[in-house]
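Taken in sequence, the protein lines are chains D and Z. Reading the first sequence from the start, the letters are residues 28 to 334 in our numbering. Reading the second sequence from the start, the letters are residues 28 to 334 in our numbering.
Treat each hint with caution, since some may be false.
[What the hints assert, rightly or not] For lysine-lysine, the following DSSO-like pairs were computed, each having C-alpha atoms within a straight-line distance of at most 30 Å:
no.	chain 1	residue 1	chain 2	residue 2
1	Z	K304	D	K112
2	D	K304	Z	K112
3	Z	K34	Z	K63
4	Z	K112	Z	K304
Note that these hints are calculated values from the structure, not bench results.
2 protein chains.
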Amino acid sequence: MTKGSEKLLFGKIALIGLGLIGSSLSHVIRREGLAKTISGASRGRETIERAAELGLADELSTDAREAVRDADLVFLNVPVGVMGKVAEHIAPVLKPGAILTDAGSVKSAVIRDVSPHVPDGVHFIPGHPIAGTEQSGPDAGFASLFENRWCILTPLEGTDEKAIKTLAAFWRAVGSNVDCMDPAHHDLVLGITSHLPHLIAYNIVATAADLEEVTESEVIKYSAGGFRDFTRLAASDPVMWRDVFLNNREAVLELLGRFSEDLSALQRAIRWGDGDKLFDLFTRSRKIRREIIEAGQDTEAPNFGRR
Amino acid sequence: MTKGSEKLLFGKIALIGLGLIGSSLSHVIRREGLAKTISGASRGRETIERAAELGLADELSTDAREAVRDADLVFLNVPVGVMGKVAEHIAPVLKPGAILTDAGSVKSAVIRDVSPHVPDGVHFIPGHPIAGTEQSGPDAGFASLFENRWCILTPLEGTDEKAIKTLAAFWRAVGSNVDCMDPAHHDLVLGITSHLPHLIAYNIVATAADLEEVTESEVIKYSAGGFRDFTRLAASDPVMWRDVFLNNREAVLELLGRFSEDLSALQRAIRWGDGDKLFDLFTRSRKIRREIIEAGQDTEAPNFGRR
Numbered sequence: 028m029t030k031g032s033e034k035l036l037f038g039k040i041a042l043i044g045l046g047l048i049g050s051s052l053s054h055v056i057r058r059e060g061l062a063k064t065i066s067g068a069s070r071g072r073e074t075i076e077r078a079a080e081l082g083l084a085d086e087l088s089t090d091a092r093e094a095v096r097d098a099d100l101v102f103l104n105v106p107v108g109v110m111g112k113v114a115e116h117i118a119p120v121l122k123p124g125a126i127l128t129d130a131g132s133v134k135s136a137v138i139r140d141v142s143p144h145v146p147d148g149v150h151f152i153p154g155h156p157i158a159g160t161e162q163s164g165p166d167a168g169f170a171s172l173f174e175n176r177w178c179i180l181t182p183l184e185g186t187d188e189k190a191i192k193t194l195a196a197f198w199r200a201v202g203s204n205v206d207c208m209d210p211a212h213h214d215l216v217l218g219i220t221s222h223l224p225h226l227i228a229y230n231i232v233a234t235a236a237d238l239e240e241v242t243e244s245e246v247i248k249y250s251a252g253g254f255r256d257f258t259r260l261a262a263s264d265p266v267m268w269r270d271v272f273l274n275n276r277e278a279v280l281e282l283l284g285r286f287s288e289d290l291s292a293l294q295r296a297i298r299w300g301d302g303d304k305l306f307d308l309f310t311r312s313r314k315i316r317r318e319i320i321e322a323g324q325d326t327e328a329p330n331f332g333r334r
Numbered sequence: 028m029t030k031g032s033e034k035l036l037f038g039k040i041a042l043i044g045l046g047l048i049g050s051s052l053s054h055v056i057r058r059e060g061l062a063k064t065i066s067g068a069s070r071g072r073e074t075i076e077r078a079a080e081l082g083l084a085d086e087l088s089t090d091a092r093e094a095v096r097d098a099d100l101v102f103l104n105v106p107v108g109v110m111g112k113v114a115e116h117i118a119p120v121l122k123p124g125a126i127l128t129d130a131g132s133v134k135s136a137v138i139r140d141v142s143p144h145v146p147d148g149v150h151f152i153p154g155h156p157i158a159g160t161e162q163s164g165p166d167a168g169f170a171s172l173f174e175n176r177w178c179i180l181t182p183l184e185g186t187d188e189k190a191i192k193t194l195a196a197f198w199r200a201v202g203s204n205v206d207c208m209d210p211a212h213h214d215l216v217l218g219i220t221s222h223l224p225h226l227i228a229y230n231i232v233a234t235a236a237d238l239e240e241v242t243e244s245e246v247i248k249y250s251a252g253g254f255r256d257f258t259r260l261a262a263s264d265p266v267m268w269r270d271v272f273l274n275n276r277e278a279v280l281e282l283l284g285r286f287s288e289d290l291s292a293l294q295r296a297i298r299w300g301d302g303d304k305l306f307d308l309f310t311r312s313r314k315i316r317r318e319i320i321e322a323g324q325d326t327e328a329p330n331f332g333r334r
């Protein structure tokens, strides 16, 4: 609901997938009164039972096709690797005029997999809210997840402008800022701001776990030296992240090449005792941290304000 | 002050270096009443002025030699690269029977640089509190910094047992747990739990900043995808970290080799689309995160409980 304009209200919003994103969408849709009805679907029977207890939806089903019937806005909050299958399954019952969107972390692959199944008259607008935590499942969601975060839309050429505006209005109504960009550019940008950081985090945790000379108990006890920060990202959902790397391969490999090249230069500076080079490099990054804080994308409290 | 035992009280404690560690020591020494007098030294006139305003010490000087006169416990809280010079400078006036310790992140190099200057009758006990934030300077300190963290002592062979016990009692009195270990092992353990994480964090921030295809403004806007976590570590004090890498070269290079090897394997799994391998690896790290939380070394709140 954009302030000063007519209230944004959908008849029915379908949430396919009720993990962190799906459950957070449910909470904020309720809080803002954005839908008359919320329907939800998950393949997991346990997830559906928990979603019922939490009141995440008015209608729940293990069959996504049931959930999307008559829905005006459909969110696909499932791992990137199954987007195509889900789209194929729900396609026959999608309501003409409905907006179909997703929350996948990769956009080119989702477009490749979903587009072929979208019926004429349904507005498919790929999206990606840059928000999350390391937790997953229906209990992980909270209404403020999207607040002050960015949501990127990557609409295909020829998409109905009004539908794009409506979806953008939805994201603003849940507290986000909205940007539009080309899907390939999205995949590169998120490759550096999200995919590569997760990959590096997973990797360093593995390196630490496999050392013979240092016990796991030592790694844990002394993790406050910095290591613990990486374990948060590395505790993220394994299925989601497997699918991200399998589906954003080119961008991730390209960025990994850059990263390794830079690391070799740094390694060389350490080997040769080039203190000036290290100092210059270490000085630069304070500026970026400050800008992230100024842009409202992180807290300025030391140690993230941990308790 | 160990509970149930006699109160631990030093006549005079000298804090050489009044940055994050020195100022935090000051706050907690005052809170716990561990010294009759605190003296402080910093080479920076501005730091001394600020320390005076903050009341960090009863006596302040830009000359470390002045601060250590008559001190029973002397902390060297300066970058690892200048420990030797400071030790040489203060050595002539160190009080017989005094305990000389440090908070350096590397222990073998500090022992190499400091030991030759320590007069007979002074108990040199190298130490390292595994605690910190990304901030530095006299304003960065707070009394609870060391609470529930570990302090590692790496005493040399033949060190007076009573002096070691006294220093361990000090660290317990400020809220820490105390471990003793061999200096070389310390440098390897901290290499993986602290030095490598910082190096990787500095490196990824540099990689991101240098990309031509993604603007710095995009990196900042979408940093909540994971990148922002790395910028915290990479905002740490450049001088301190330059000196760490120059003085723990062998351990860091060895660990960097392991890290790069593991990263190559991961890169290969992505290139060949080996989803099972990725999934298995990503699943393992959740366990380590859980153990760190159970050990009280990180918060279980999502996103570190950031606001």
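Here's how the hints hold up against the structure:
{"no.": "1", "hint": "Z:K304 - D:K112", "verdict": "holds, 23 Å"}
{"no.": "2", "hint": "D:K304 - Z:K112", "verdict": "holds, 23 Å"}
{"no.": "3", "hint": "Z:K34 - Z:K63", "verdict": "holds, 13 Å"}
{"no.": "4", "hint": "Z:K112 - Z:K304", "verdict": "violated, 50 Å"}
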